[in-house]
Structure formats: C-alpha cells, structure tokens
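> Residue numbers (my numbering), protein chains in the order written: chain X, 1 to 271; chain H, 1 to 271; chain A, 1 to 248; chain V, 1 to 248.
None of these hints come from the bench; they were simulated from the model.
Among these hints, one or two may not hold up.
[As the list claims (entries may be wrong)] Okay, the calculated beta carbon distance ranges per label pair:
no. : chain 1 : residue 1 : chain 2 : residue 2 : range
1   : V       : T74       : H       : P207      : 27 to 35 angstroms
2   : A       : A179      : H       : E45       : 56 to 64 angstroms
3   : A       : A223      : H       : A133      : 25 to 33 angstroms
4   : V       : A221      : H       : D201      : 55 to 63 angstroms
5   : V       : R22       : H       : D17       : 45 to 53 angstroms
6   : H       : E45       : V       : R22       : 30 to 38 angstroms
7   : X       : Q41       : V       : D119      : 28 to 36 angstroms
8   : V       : G92       : A       : A223      : 58 to 66 angstroms
9   : X       : T136      : H       : P207      : 38 to 46 angstroms
10  : H       : E9        : X       : P224      : 53 to 61 angstroms
11  : A       : P195      : H       : P207      : 46 to 54 angstroms
12  : X       : T136      : A       : T182      : 34 to 42 angstroms
13  : V       : G92       : A       : G175      : 29 to 37 angstroms
[Claimed, not checked] To give a feel for the contact side, a few chain H residues facing chain V, derived at Cβ under 8 angstroms:
no. : residue
14  : W93
15  : L97
16  : E100
17  : A115
18  : N172
19  : V216
Glycine included, every Cβ here is placed at the ideal spot set by N, Cα and C.
The chain contents come next:
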Amino acid sequence: MAELLPLPEAVAALIHDGDAVALEGFTHLIPFAAGHELLRQGRRELELIRMTPDLLYDQLIGMGCARRLVFSYGGNPGVGSLHRFRDAIEHGWPRALELEEHSHAGMANRYAAGAADLPFAVMRGYAGTDLVAHTTVGTIACPFTGEQLTAVPALRPDVAVIHAQEADRDGNVQLWGIPGVQKEAVLAARRSLVTVERVVDALAPRPGGVVIPGWVIDAVAEAPGGSRPSYSLGVTARDNDFYRAWDAISRDRDAFAAWMDEHVLAGTGAP
Amino acid sequence: MAELLPLPEAVAALIHDGDAVALEGFTHLIPFAAGHELLRQGRRELELIRMTPDLLYDQLIGMGCARRLVFSYGGNPGVGSLHRFRDAIEHGWPRALELEEHSHAGMANRYAAGAADLPFAVMRGYAGTDLVAHTTVGTIACPFTGEQLTAVPALRPDVAVIHAQEADRDGNVQLWGIPGVQKEAVLAARRSLVTVERVVDALAPRPGGVVIPGWVIDAVAEAPGGSRPSYSLGVTARDNDFYRAWDAISRDRDAFAAWMDEHVLAGTGAP
Amino acid sequence: MSAATNGEVQTVVAARRLTGVRSVFIGVGRPSTAAILARMVHNPGLVLVYESGTIGAKPFHVPLSIGDGELAETADSVVSVPEMFNYWIGPGRIDVAFLGAAQVDRFANLNSTVIGDYDRPRTRLPGAGGAPEIAASCGEVVVVAPHAPRTFVERLDFLTTVGHGDGAGARERLGFRGAGPTAVITDLGVLEPDPATKELTLTQIHEGVEVDQVREATGWALAVAPAPATTPAPTDQELGALRELSSR
Amino acid sequence: MSAATNGEVQTVVAARRLTGVRSVFIGVGRPSTAAILARMVHNPGLVLVYESGTIGAKPFHVPLSIGDGELAETADSVVSVPEMFNYWIGPGRIDVAFLGAAQVDRFANLNSTVIGDYDRPRTRLPGAGGAPEIAASCGEVVVVAPHAPRTFVERLDFLTTVGHGDGAGARERLGFRGAGPTAVITDLGVLEPDPATKELTLTQIHEGVEVDQVREATGWALAVAPAPATTPAPTDQELGALRELSSR
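One chain only, chain X, in its complex shape:
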C-alpha cells in the first residue's frame, strides 16, 4: 500500500546505492524532481535503466552516480547529443559507464515481460543488426510453425520511479497523456515511487487516464512541477527552450558542474 511521504524520505527509503533504478517517462512525465533528490542524497553505483536517457540521465551520468546504463536511445530529442552521456562513454568522464543497449521495441517488451513476471518476451526484432553481438538477446522457435523469433530477457528493476499528474490520499495514482512504459515499469519493479503534481481527495476519471492502484506502489510523494523541464500534460508545459539551452550547459564539464551545483545540489529542485 502506497505511503504518502515527503520526497526526501521516499527516496531515502526506497533507493539504495548499487540499485538498478528505472526512472521512466517517455518524453512526457519524466521524474526530474526524484532524480535530483537522488543526486542530493549522493546515491552511487546505480544501474540506470531507461528507454530514453534524456537530460535527466545526462545529469545523473555526468555527476558520476551511474555504474551502468540500460537504454535504447540516448539523445536530446530534436536538439542533438547528450554531452555528459557521450563524455562518459567516449572518455570515461567522470567514470567509465558500462552499457547494455537495446532497441525501443526490445526495451518495451522487456518491461512488459517484467510486469507479467515472465522471464522473457517474444518479438520480431534485432535480426541482422550489429546489436545482436553487443547485447542480451536470444532466438526462439515457434513450437507451432517453427518460425525463428527473437527473445528478450525481462527487466526487473529494483526500483521504478515515475511521475504522474495526481494521486489520492490512498496513493492511487492517475496519469494521462502519453503513457509510455510507466505502468509496466512500476509493475516490473520490486519497489516503486510515484511523484505527483498534486494530491487530491478523489481521482476524477479522465480521458486517457491510466490509474495505478496504490496497493502496487510503495510510496507517493508530492512534487509540484516535478517533471520539469519535461512536462505533465494539462499541468505544466514542456520547456523546449531549456532542452535547447542544455546543449550549451552540458557541452563543457565545468559549466555543467557549476550548473548542477547551483540548480540541483543547492536544493532548489529547479531543473
């Protein structure tokens, strides 16, 4: 049953050094506030899992808290490179980063298998690519037709963290807009934390609303604006200017460190 906790307490209780952590949200609803809290608490040696690392993982990687990254697309959408991600992979700065790389279809199916508590998922994919030699996939034959298909191993993060528009006082969560893989991530993970724009007395059913019952969530933390510079449809807008500005901030190691000191570590919680 979800406990309503202040964000620092929720992060302290649920995310530990060395954990495999999936902070999910597909462009929309990226849990920046939770990621920043994790940085302020100095979590280390994390395995970071996320389909689209985006700016949040660029920040976590640049700050050196990740040992390993599991992902499928590491870019600044519509802008260009994630410079901290590149610096870690190209130059090992601030530390070497182990990679496990998949396609989007592979990652989505890995989460779905995790949510179903199956050890793997079947799909068509990866065939003929160099990814096969550099990641974890298998082949599997259909027992009815003999057709060869691809198997991907289930993802079972230690912790999933997502952001949603609202929760009620029992910790039932509702998100709407692009749903991504957030439900799958929560159901696949051993523990889960949901940050929300607001806590309400009762969830009003919404078009496109995805409701995750509180009894499959460990903690809910109120974090208004907690997805900025990403967005929470209907509450905040995507800060596309910041996504563009990040290119310059993140290109230089010192500029990055200074920005993180001022905007994240100082604890304002602003992006």
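Go by the hints and put chains H, A and V onto chain X.
Relative to the frame of chain X, chains H, A and V by itself:
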C-alpha cells in the same frame, strides 16, 4: 478505411460461409444485432470464436450455423447452463459441434499474439490440467533461464465483429467501460466490422475510452441497441431479466426455435 | 432475526476469511456475495477484482455477471482482459481467489469442464474460464462449493484446475507461484489441506451439523481433524448485512 | 518568393512522397516537417504516427520532441509504447516510415549507434531507438539524410538498422515484412534501390545540382541512372506552406 454501411450490407460483404468469426465483447458490448443479422442471412459452417459464448453463441449454435467452436467459458453468467451449447455437445443437436477449448488466459494471449502478428504467445498456464491433452498448446523453454513455459498459438479470425458506443463519420470508433479483448480481436482479424450505438460528428474523448482508428476497420454499421440484452455502458443497461428468462426459453428445442423465429428471423432485431 | 441457513453460514464464513486481506478475485454467485459482505462488515478496504478487468470494484448490488455495468462504474481501474491475466493475475498480485466447481477431489483439484467422457459428456459444464491460471498464481485459493457426494468425488471426470495435484510437492513441481487451496468452504463446514499431505481434512463444522453427515456428503473417506471446531454462529451484524445485501 | 534552398527542396520531396499514403511513421526534425507539410498540401488525411504512442496526431507546430504535448492532445488515439511496437509497428500497419541516420551505406543500411569502435567510440551516437523494428516492419522506408561523404559511407561503423542488408534477397532471408528502403532523399537528390541488386542508384537530382557533385558527396562509387530526373521545383504553394509552417 472503414466504410459506413447498413448492417445487412456490412454482414453480407464481410462474413462468408465457412469463415472463422469472432464476435467479441466480454459480458459488455456483445454484438447481438450483428449476430442476428448473420442468422437472418443464413450463414453456415462457421467457426465461431469467442472467450465467453454467452447467449449470442447459444443462439447461433442452436440454429446450426456453427461447425466448430473455439472458447474458454460457455455459461450463462450467474444463471447456469447454455442449453443450446450443451445440447449440441451432449446430443449433437441440431448438428455436431467440434470444440477447441482454452482457458481465459490462453484465449486472451492468443488474441494478443494475433494482434501483434506473432505466431504464438508465451504464458504460464494449463500446466497439470487435462486441458493440455484436449487442446492446442505447447511448451517452450526460456532461452535465458531455462524455465519451461506454455506457448499458445495466435488467433487470426477471418472476421472480427464488435459493438461500440460510437463512431465518427470517418469510421473511427470509441468504446468505454469494460474493454475485454475487442481491440485485440479487431487487430488480430483479417477483416472487421464494428456496430455502434450512434454515429457522431466527432468523438469526444471519454474516461476509459478505447479508440480504434477507422483505417484498421473494414466496416462500421449503426445499430442502436445492438448489444441488447448485453449492454453498452452509458447507453443501455444489461437486461439481467432476459438473461434469467433465457434459461427457460433455451431449455426446450421447440420453445427455442419458436422464440428465434419470432424475435430474430422475423427481422425485428430484438433479442 | 431468524436463524441462519447453512448457505448463509457458508457465505459468512467465506466473508470472514477476507478479514485483513488486501485483494480478492471473485466470480459470480456466493463468492461475490461473500466478498461484498466482507467489504460491508469485515474489511471495508478490500479490493475486489473481477476477471472482466474491473479492479477495485465497489458494487452496491450483488452483480449477476462479472461484467455488470456497476462493476466498471465503481472500479478504481478497468483494464483489458489480456492485461488482467498478464499483469495482475499471472504475477500473483491478488491475495485470495474464490473459486467454485462442479467437482472437487481430496486434493482440492477442480472440475468445471465435463461430467462423463470429454468427447461424449453426460453433462457439458461451462469450462475453464480463468480458473486454471487464477488457481496457479493467486496468493491462495478458497473453494466455495455445496457439500454433496456428486460434488465431492473420489475421482474428477476432468481436471480443469489444479489445487494440490496428487498431494504435497505437486504445485512446486509444476512451478506454481501461489499457495493453492487453503480452505474449502461448504454449507456443512470447512475442509483444509493437511499441512503435510495436502489432503483435505474436515477442520470445522457449522452449528447443528454432525461429522457423519459431512462424511456422507463426501465421495471419499473423509479425513477429520481430532476435534473439529464449530463455526462461530453468524453475528447479528453479519446476518443483518447479508440479508440486507441480498434484498437490494 | 525567394528560391528554395536545397534543404527546403529535400523537405518538399519527402512531403510529396506521402501523396496518396494512408499512414506515416516519423521522428523529429526534417521528417516531421515533411509529414506536417504533406498534411497541409499533399494529403490532408495523412495519419501521423510517432513512437511516443500518438496515432493520428495533427500538430500545428513542428514538434521539438516526439512526445510534445500537442501530439497527444491532437491524436486520434494515444497508446503505450509496448502497444505501439507490438500492435501497430510490428504487424506492418504503417505504410511509410521516415528514418534518418548518421551513416548510410550503398544498400541503405543505417548506423545511428557509434562512429569508431563500439567499445571505444570516437563519437557515441544516440543508438537504435525504434529504427530496427520500424525498418523491418513498416510498408516501406524513406531515408532522409544530408548528403556528405561522412554520411554516405563505403562501410558502416555499426549496423544499427537493416535496409537491404547485403543486397537482393537479404530482407526475405531475415523474414522481414516490409519492402525496406524505397528512397533516400538528400539535399542533393534522390537515391533509389536498383530493382535487381538493391544497390542505391541516383535517380533524381535537385535543380542546380550536378551529378559529379553528388558523386563527390558519396563515399562509394555511386551508381547513377542513365538519365536522372530533375526534381520538379517546389511550387509556390509548397514553399509558401513550408515557410509558413517553419515560422509558427
């Protein structure tokens, strides 16, 4: 692209003798009007596919249009037996009925595999039961853990028929309330027909709304009340009294035939 | 208040079993009545899950079908049938499942498929529905069935749903997640699997019922606990709530 | 109106390619601009599908990301990422997919993973994203890329996405559903796979571009059609709409 057609034309165009036809709807939104039209047009030798045969398939089976039935639960929910279904299986009346029987989990995964155009789905199920010897299932080993799991073959009906609350003039369909396996059935089938309570100028997004774009549907037919005695949430209510009354109507072959003559074949379209 | 019928006692015992439980998976009929009663009396926060995809339904009336509109309208979340089985039942997220059956054997295996031969059945029953996977995966299973020799049989005509298979260790060999049947609640008493052998044992009888009467209603040589408990009579609150619910 | 730049011509040619097409799968950047332009000028009913799960999006602005709010707010249907890949892309429901890449080879295979060695890359690129399965399954693929020797290479540093593999028959051997790349649209012209060998062949050049200029911008000995067509200049309507769109 969905064509808006009168129901008789849609049924004539899309459903042929000998087809494998899935009329879906899980308690809710059962496409009775389409099934009755199919009876009036005298379709024969059908393979009827449906998780829960319900009263509609009791009627189709009792009228002798089914050669084969693929299903997972053949009861009158909360009332008891489906007497026409039983009579066909127990006494071959009005004709013998070939069965392929699964569990709900198996059928749901078979539809999902069909919708994904995969030849099979992986699940945990059937293990240890007598169903294994009487249906089509296989076993499959996880290529990563070695765990033995169950494989079920994809369902690819020739035609799927579902009922929804509304469609717009481009044939985009919206249903809400219990969604069952209707989206999967439409996506798994080669052809599809959706009957709707009403055609509207524009679909207004609804809580719980499942929208199926018109370009994956072949025909949409307006059929107000077309799910009765099942129901269309927010438009009609489930006629529980009729479900209870069906027990007596269907128990006797002659009473059944008389009822069908009067209420279905005469063309009133009432249940 | 008039004395409780054995059927009412059966429902109340089933409802009591849901005290302190988070979630219950239910079909229609008595199990549904018991679960709604539990929400009224024993466990107001109980999460009702129906295989139609309604999670956290709060029906005011006992639904006739598992897909009545009231279930969808009052649920916390309504999901598709594939999601229900793959994301909710399969991974064992539901604590207790209530199941019924036409035949139950001494290891609480269930038949809901046929009486007689599969290909030429004397009585064709509805079939498996969700039961095999529900019984394999939910935290535990409570069977609710009327106590009669034709129901409690020496040998099932068809094994639709595995309870404890051929006894201790069977579920583990099949790789099942849940604990399996922990109780069979009838209109005469309660059978529970022996901790060592998993054979159903009469551990509780309802007021006014004799042990011999239960033996006679059972199609095999029923194991009986040294001193079966007597079911505590339904309280006025329980019986009042049950009757009020049934009258809605 | 001032003359079209080569980049504008590239966008217009990509947009024209969507005439008469039902659905297109697009990422951000020029492909997104081209698809929105196509809805404005060539194909008002075109269904735009983004991997964020938005089906039938009708953006007024060119989105910066594939998940901008406007895409969700204007879509006919918004689905989860697993559903997008499993129910929509994998079964080949989308007619055309626009893809970009850092490297393209003579069989229209694509690299968006690394420049240099995988374990010690000179340049780490974003990675596969949805491209491998999109290219395998969508009806056909149109590659949109800037024409330069570092992009059009003799040998990919990493094969992220299969176009035509090692030539004719490769896709069939891999069991792919879609036809694969049918065109590579650059700022200099259009390359199309030879029907027999699947090797990319220059079949069309933009106005003012010389064949030799295209050869020099290609890292392999480029096959050239006997008489490459000249791209019809963007019409005033096309160019006006494109510039108006870009200014929104």
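> Now look at each hint and say whether the structure bears it out.
Now for the hints, and whether the structure bears them out:
The beta-carbon spacing between T74(V) and P207(H), approximately 19 angstroms, falls outside the hinted interval of 27 to 35 angstroms. Between A179(A) and E45(H) the CB atoms are about 47 angstroms apart, so this pair departs from the stated range of 56 to 64 angstroms. With their beta carbons about 30 angstroms apart, A223(A) and A133(H) fall inside the hinted range of 25 to 33 angstroms. For A221(V) paired with D201(H), a C-beta distance near 58 angstroms keeps the hint of 55 to 63 angstroms intact.
Between R22(V) and D17(H) the C-beta distance comes to about 31 angstroms, which lies outside the given range of 45 to 53 angstroms. As the Cβ distance of E45(H) to R22(V) is approximately 34 angstroms, the hint placing it in 30 to 38 angstroms holds. Checked against the hint of 28 to 36 angstroms, the C-beta distance between Q41(X) and D119(V) comes to roughly 32 angstroms, which is consistent with it. As the Cβ distance of G92(V) to A223(A) is approximately 59 angstroms, the hint placing it in 58 to 66 angstroms holds.
Our hint of 38 to 46 angstroms for T136(X) and P207(H) holds, since their Cβ atoms are close to 39 angstroms apart. The hinted window of 53 to 61 angstroms between E9(H) and P224(X) holds, with their beta carbons roughly 55 angstroms apart. Checked against the given bound of 46 to 54 angstroms, the beta carbons of P195(A) and P207(H), roughly 47 angstroms apart, stay inside it. Our hint of 34 to 42 angstroms for T136(X) and T182(A) holds, since their Cβ atoms are close to 39 angstroms apart.
G92(V) and G175(A) have their C-beta atoms about 35 angstroms apart, which keeps the hinted 29 to 37 angstroms range intact. Among the interface hints, the one on W93(H) is violated; its C-beta lies about 40 angstroms from the nearest C-beta in chain V, farther than the 8 angstroms criterion. With its C-beta approaching chain V no nearer than about 31 angstroms, L97(H) sits outside the 8 angstroms limit, and its interface hint is violated. For E100(H), the interface hint is violated, since its Cβ never comes within 8 angstroms of a Cβ in chain V; the closest pair sits about 23 angstroms apart.
A least Cβ separation of about 5 angstroms between A115(H) and chain V falls short of the 8 angstroms threshold, and the interface hint therefore holds. Proximity of N172(H) to chain V holds as hinted, the smallest CB-CB distance being about 6 angstroms (cut-off 8 angstroms). Interface hint status for V216(H): upheld, as the beta-carbon distance to the closest one in chain V is roughly 6 angstroms, under 8 angstroms.
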